[in-house]
Each structure stands twice: as structure tokens, then as C-alpha cells.
Amino acid sequence: MIEVANLSKNYGRHAAVDGISFEVSRGEIVGFLGPNGAGKTTTLRMLTGFLPPTSGAARIAGHDIFRESLDVRRHIGYMPENVPLYTDMRVKEYLRFRGSLRGLKGSQLRKRLGETLDICGLSHVRRKMIKTLSKGYRQRVGLADALIHEPDLLILDEPTNGLDPNQIRAIRSLIQNLGENHTILLSTHILSEVEMTCNKVVIIDEGKVKAADTPKNLVNSMRRAGRISAELQGPREEIETKLSAVGDVTKVTSQPLQDGWNRYTVFVAPNTDTRLRISALAHEMQWPLRSLARRSGTLEEVFVELTRRD
Amino acid sequence: MRTFRILFFKELKSYFLTPFGWLIMAFAAMMQGLSLSTTLKEYSESAMSENLVFATFQSPIFWFYFLFLFPVLTMRLFSEENRSGTLEGLLTAPVKIWQVVLSKYFAAYLTFILLWIPALIHFRLFAMLNDIPPPFNNGELYGALTIVILMGSLFTAMGCLASCMTSSQIIAGIVCVGILFVHFLLGLIPYFFGDQIAAAPLFHFISSQEHLRSFSRGLFDTRPFVYYLTASGFFIFLTYHLLDYRRWKP
Numbered sequence: 001m002i003e004v005a006n007l008s009k010n011y012g013r014h015a016a017v018d019g020i021s022f023e024v025s026r027g028e029i030v031g032f033l034g035p036n037g038a039g040k041t042t043t044l045r046m047l048t049g050f051l052p053p054t055s056g057a058a059r060i061a062g063h064d065i066f067r068e069s070l071d072v073r074r075h076i077g078y079m080p081e082n083v084p085l086y087t088d089m090r091v092k093e094y095l096r097f098r099g100s101l102r103g104l105k106g107s108q109l110r111k112r113l114g115e116t117l118d119i120c121g122l123s124h125v126r127r128k129m130i131k132t133l134s135k136g137y138r139q140r141v142g143l144a145d146a147l148i149h150e151p152d153l154l155i156l157d158e159p160t161n162g163l164d165p166n167q168i169r170a171i172r173s174l175i176q177n178l179g180e181n182h183t184i185l186l187s188t189h190i191l192s193e194v195e196m197t198c199n200k201v202v203i204i205d206e207g208k209v210k211a212a213d214t215p216k217n218l219v220n221s222m223r224r225a226g227r228i229s230a231e232l233q234g235p236r237e238e239i240e241t242k243l244s245a246v247g248d249v250t251k252v253t254s255q256p257l258q259d260g261w262n263r264y265t266v267f268v269a270p271n272t273d274t275r276l277r278i279s280a281l282a283h284e285m286q287w288p289l290r291s292l293a294r295r296s297g298t299l300e301e302v303f304v305e306l307t308r309r310d
Numbered sequence: 001m002r003t004f005r006i007l008f009f010k011e012l013k014s015y016f017l018t019p020f021g022w023l024i025m026a027f028a029a030m031m032q033g034l035s036l037s038t039t040l041k042e043y044s045e046s047a048m049s050e051n052l053v054f055a056t057f058q059s060p061i062f063w064f065y066f067l068f069l070f071p072v073l074t075m076r077l078f079s080e081e082n083r084s085g086t087l088e089g090l091l092t093a094p095v096k097i098w099q100v101v102l103s104k105y106f107a108a109y110l111t112f113i114l115l116w117i118p119a120l121i122h123f124r125l126f127a128m129l130n131d132i133p134p135p136f137n138n139g140e141l142y143g144a145l146t147i148v149i150l151m152g153s154l155f156t157a158m159g160c161l162a163s164c165m166t167s168s169q170i171i172a173g174i175v176c177v178g179i180l181f182v183h184f185l186l187g188l189i190p191y192f193f194g195d196q197i198a199a200a201p202l203f204h205f206i207s208s209q210e211h212l213r214s215f216s217r218g219l220f221d222t223r224p225f226v227y228y229l230t231a232s233g234f235f236i237f238l239t240y241h242l243l244d245y246r247r248w249k250p
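Line order of the protein sequences matches chains P and F.
FYI, in the working numbering the residues of the first sequence are 1 to 310.
FYI, in the working numbering the residues of the second sequence are 1 to 250.
Chain F extracted, bound-state conformation:
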């Protein structure tokens, strides 16, 4: 556990003791602000039937920046160690492979979670600075943040796997975007082909768009919890074995 803690803080430092983490934070804050302000503009122009949180997280800009956070956060994790050779020094110290994988995963994941502080502040401020009752309630706000953080656990694990596959950060980033995009499109299949196809319930089950819609209306559903947590466990498991691969490859 002590080894895990040392590795974890080392990774966390590489995000926040360099400009890197702060740049992503600034980017995320800017995009969150942009989607909130464009949504507010729509509110001022026409009557809206949905709550503000829902409309903000449904704005077209959301998926665009959301899916790009993960490659940026994770592409460096393993590929850089691979390229520079520091993996050799790391794995010949008395550390276990799961400690390496989990420390990197959780450092990236915690950084991702911290990226949502600006969004939380935006909505809190909106409620504080207006004398009108805010057009959303706490269930909707925390529901949206919960599902975003839940989706993050899986997408970060996908990014870790992509980073472990190659020694080039760029390729790791592209592979990560690819995996995320395929996952995103799978969730859209029911829209294109309708609910008549036999696999439609499966696609509904993994559809991040639908999860986001229901949670940002304040509907907590336990199925996405099961899905995202088991799937991230699976991707971490794959990452572990990919890193261990050199130990058993022919």
C-alpha cells in the first residue's frame, strides 16, 4: 500500500506540479463555461421545457470536449515510460505491476474528477448570483456530475489501455479517441436502426448519451453503475496483462 501511495503521488505530481494539469483544467473550465453560456442564450431566446443542467450537458459542444479530455489525460501514462525506457527502472524496483497500473489509473482518474470542480462552481454561482429560483435542482446537478464521473472511470481505463499499447504518445492518443468514438457510436445505433433490431436493449444498456440524459434529469439508475464499474475493471485488467506481456511473450 505504501508503494502504491508513493507511485500515486508521483503521478499526481506530474499532473499538478507541471503546467500540464493546469492547462487541461483551464481548457475544461473554458469549455464548461462556453456550453453553459450558449445554453443560457437559448434560454433567453425561447421557452425551454428542460432544466438548465440537462440542456447544458446536451449542448453539442459537450461530447466534443468531453471525449477529448481522456486522450489528453492518459496518452502519456505508459507510452512515455516505454519510449524513454524508464519502465525498465520502474519494474526492476521492488514494485508489483498492479501497483504501477492502479497508481497511474487512479492519478489520471482523480485529475479527471477535479476537472469538474469548475462546472460545479458555475452552477452554484448561477444559483447564488440570481434572485430568481435556479432552473434546476440539486438532484439534477449532482446526477449529471455523478454520471460524468462514472463515465470517466471507464474512459480513463480505455485511455490507459491505449497508452500501454504503444510507445508513441500520439498513437496512444489516436487509439484512445478511436476506442471512445466507437463506444460513443455504439450508443447511437438504436437511433439509426430503431428498436426493432434484436440487440437494441444491449445498445441502450451501454449508451452513454442515454445515461447522461436520464441522470441529468435527476433519475439515478443503478444499471450504469454496474456497467461502468465492471467495464473499467475489465479494461484495467487488460492493461495489467498488456504490461505483463513482455514477461510471457514467446
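Extracted from the complex, chain P is given alone in its bound form:
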């Protein structure tokens, strides 16, 4: 659906996007992550034809984003950052305008208007002026605007930016439902959202792609993933040496707890699980064991690991 090859954008001497490449196939929900100023919005603006790339190329639905910009724009529904809308229009009037700009007319336009208003939960405010709506409703109008012509590809720039938790939930479930028959590329800072909704993540920083994979693979392959914490009773020194000898274990640290137990943190190689061996060892040595847990990493840790500057 989207093929990006070596896409770059310079603002004067500053390279906002520096030769990024990634692919999105049909039906995927892809999260586009990065710290502020990483080049997310610039990339999305290039894909939607608002800004031309300095170099490189990208194709959407088989059309070149620069040479066949109009064809590309027919295939996408784009919700820009901060959702700019004509605030002195009414909701339904605005959506009718945007729908007819995308080539809908007559009964088809009326049908899509009704459907989109329903999907986005806007039916009861359809006669209101957009300027009187709250931020959450404006966000939904923006989403309805992107959806009205049933595009193959939805590009959403920070769709939940500035919403309260309930509204974020509503938008998230909306996106999940849409993901069933749309390809979605969404940029965001909210990592829990990506973990819940996306089946692929592209992380960029300083204009470069740092990682592109499924959230699960990213978490498993990170350096600190798979850390195991165990609470045991017994001789501390001995336990530490014995634990270090278990296969795949790279390092063991310990920390006494208040009630006479000790907590051991066992660092292991990525993509391995040594819990069974540890419990077997504890059983064999007759160390009382009350807790054994593998800390799975979070996407947040992956993100920090990839984009931290220190």
C-alpha cells in the first residue's frame, strides 16, 4: 500500500527527514512513532502530497506521490495534526463539502454522510457549528472528514492528541474497528495506544528509521527484555553464584527485602526463558521460592532505548 524509498526532506540546511524507507502492506495498522521533531509530521505531509520530498520517492497504491499526486490523494483520507476545520460551517455541511470535493455525489453522498456521522458518533451534533464543538468532537469531525470517501488508506497525525482518557478510548476503538477494512498509518506519542491497536511499528528519530517491526518483536529483541525477578530465602552469596551458572544468564544482582527474603534480578539473553530452570534449581537446592516473574519489556522501554540522547 505504501512503499517509501530513501525519502528525504531538507528545510534549508536542516534535514528534517533523512533518507527513510519503510513499507506498509494492505490491511495493516501501523504506528508511526518518534519524539517531538523527529520528522513524523513532515513524512506524513510528504506522503499526502502537501510537501514535496527533497529527494527519494514513495508510492501509495502504486502511484508516485509527486508525479501522480492527484491519484494518490484520491486514495487517502488524511487527518492533519491539530485537526484544522472550517469553524464557521456546520458539521454536516462541512462533511458534505469535503465529500463532494472527493467526488461523491447524489444518493451516494447522502448515504456516506449518514454512515460516517453514525460511525463517528456525530449524528446528534450534525447541525452544530464546528466552532461550538469541544476538542473531542472536532477530532471526530476530522476523522469523519478523512473517512467520508471510503479511502483505502487512512493517514492520521496524532489522532488522540489533547483528548481526555474517555475520548482517547472512544477514538482508539474507532480506529480498531476501522482497521478491519482499512490500512491505517497513525502517528502518536502514546505508546500504550500503539501496543493495543497497531500490528506494526515504525520508530523514527532525527529523520532516520530506528526500527520497524511488530510491537512484540521489538519488545522481545530489546536489550533489557526478559529480565527475571525471583524472591528466594537462603544463603545470598551461594544463590547468586548458582544462579549465574544457569545457562543463558548473563548477570545476577540481589537486594534484601524487609522480611528476610531476598530479591534476585536475573539478566538473561534476549528471546530466552530460564524460569523453569530457575525453579528446578530452587527445588533441588531446597531454597524456599515465593515469586518468580519474567518482566516483559514495554514498548515505552524500546522507545526510550532507541531515541534517548545521552
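Hint data in this document are derived by calculation from the structure and do not stem from the laboratory.
There could be a bad hint or two in this list.
[Unchecked claim] Which stretches of chain F does chain P cover? Using the computed rule of at least three CB atoms under 8 Å from a CB of chain P, they are: (1) 10-18; (2) 92-99; (3) 167-179.
[Said to hold, decoys possible] Some chain F residues well away from chain P (every beta-carbon gap over 12 Å; in silico): (4) P118; (5) A127; (6) I197.
Yeah, the Cβ is synthetic: ideal placement off N, Cα and C, and Gly gets one too.
Please arrange chain F on chain P, whose structure you already have, making use of the hints.
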């Protein structure tokens, strides 16, 4: 063409489905009435050798309000879209830039043309409500309206360009007044420096004051048609490329 029509009607609605267009209309009607009634007062006080249309369009108040109509009509067009960011939504829909520019230009221009309906009614009424023959004839009335509408095509295009330059309506309005004022002064140069300077014919050619004088005496001249239509084409062309600028700037 369908896209152009949708955009055009959207712009037109933003003039006439809001108080905005009607306020300008009321302002224009009031100023047109004021210049007509002050001229009539002069007629009642002394003998006049010129026709009523000519004298009305020569009243000092005319250029004052005429030149202020354009910034008011056009300053919002592009700068507001720029400021609020709606330009991004507009230009990522399948529309061409010329459709955006022309739809805005023609919506503003049509609104401007409609502003002259009150003036037309004033003069028609004057002819209808008096038993004396009106002190003007149709050639003079329609000549004056023709040149006003012709001047409007250029001045609206200048306003579009000014609006496209910035994201602030106020600055767009000031730039527009500036361009119009310079254009107005250029037409006055022969009065200040006489016809001896080598460029005098050029200034006569672009002098809106002279065009207005000859047309409101019923003299249709084809040169202003060429001038205003090509010059408005040129300013629309500049607007188009200024809007397209972000696509090729370094």
C-alpha cells in the same frame, strides 16, 4: 469543473451565509448613496456642466471607499486558511491549485460585482421618481459601471496576491491597500510632473482616474479592457505560483 464549482459555491456561501457579505453590501450602498446625495446638493447650489454619473463618480468620497472594498473582500481568502491550517486539508484533497485560486478569486469578484447593484438602483430610481429628464443617459451610467467592474477585476486579483503572502488578515489587508494606493498614485503622476516626461503615456495608460473619467462620460475605450484583463491575469498567475511556492522552495 465540478471541483471548481464546489469550491466556488463554498467561498460564495462564506460571503453571503454570514453577516460579512451583507455588512460590506450595506457599507457600499451607504457610501454610494452618500456620494450621490452630496453630488445632488452641488447640483442644487450651482449650475453643473457635467452629467450626474460623472459628477457622482468624481466626488472625493468615491476613491476613498472604493479602494477600501478590496482589502475587506479579499484579505481573508488565503491568509485565514493559512493561519488556521485548513489549507493543508484543502490541498491534500484531490483538487488542483488553479481550482483553489480561481474559485476564491471569482467568488470575491462576483461579490464585488454584486456590490454595485445598489448604485444601479439609485440611478434608476432617480430617473423613475422625477418628472424632469435625468441629467445623465444610459451610456454614461453603464459606462461608469463597466469601468468600475473592470477595475475590480484587477484590484481583486491584487487583493488575492496580498492575502496569499501572509497568514495574517490584517497584514494582508494593509499590503492590499498599499498595492492599490501605489497603483492609484502612479495614475496621478502626469498631474504632478506634466506630460513632458518620457513615461507620461504609460502613466496615462494605467491611470484608473482617467479611465473612470472617460467611461463615465460614455466613452468606451478598448485599451483599459486589455490593460485590466491582462494585469488581473498576471496577478492571478502570481497568486497561483505563490501558493505553489511551498512545493518548490528549497
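Item checked: Assertion that chain P covers the segment 167-179 of chain F - criterion: three or more residues, beta-carbon distance below 8 Å -> Check failed, 0 qualifying residues.
Next item on the list: Please settle this one: F:I197 was flagged as non-interface, so is its CB more than 12 Å from every CB on chain P?
Entry: holds (44 Å)
Margin query: Checking a non-interface call: every C-beta of chain P should be farther than 12 Å from the C-beta of F:P118. Is that right?
Written below: holds (26 Å)
Notebook entry, point to check: Per the coverage rule (Cβ-Cβ under 8 Å, at least three residues), is the segment 10-18 of chain F covered by chain P?
Noted result: Three-residue rule met by the segment 10-18 of chain F, so holds; n is 3.
Check: Is the nearest CB of chain P more than 12 Å from the CB of F:A127?
Finding: holds (40 Å)
Notebook entry, point to check: Count the residues of the segment 92-99 of chain F with a beta-carbon closer than 8 Å to any beta-carbon of chain P: does the count reach three?
Noted result: holds (count 5)
Consistency note: the structure conflicts with earlier hint 3 alone.
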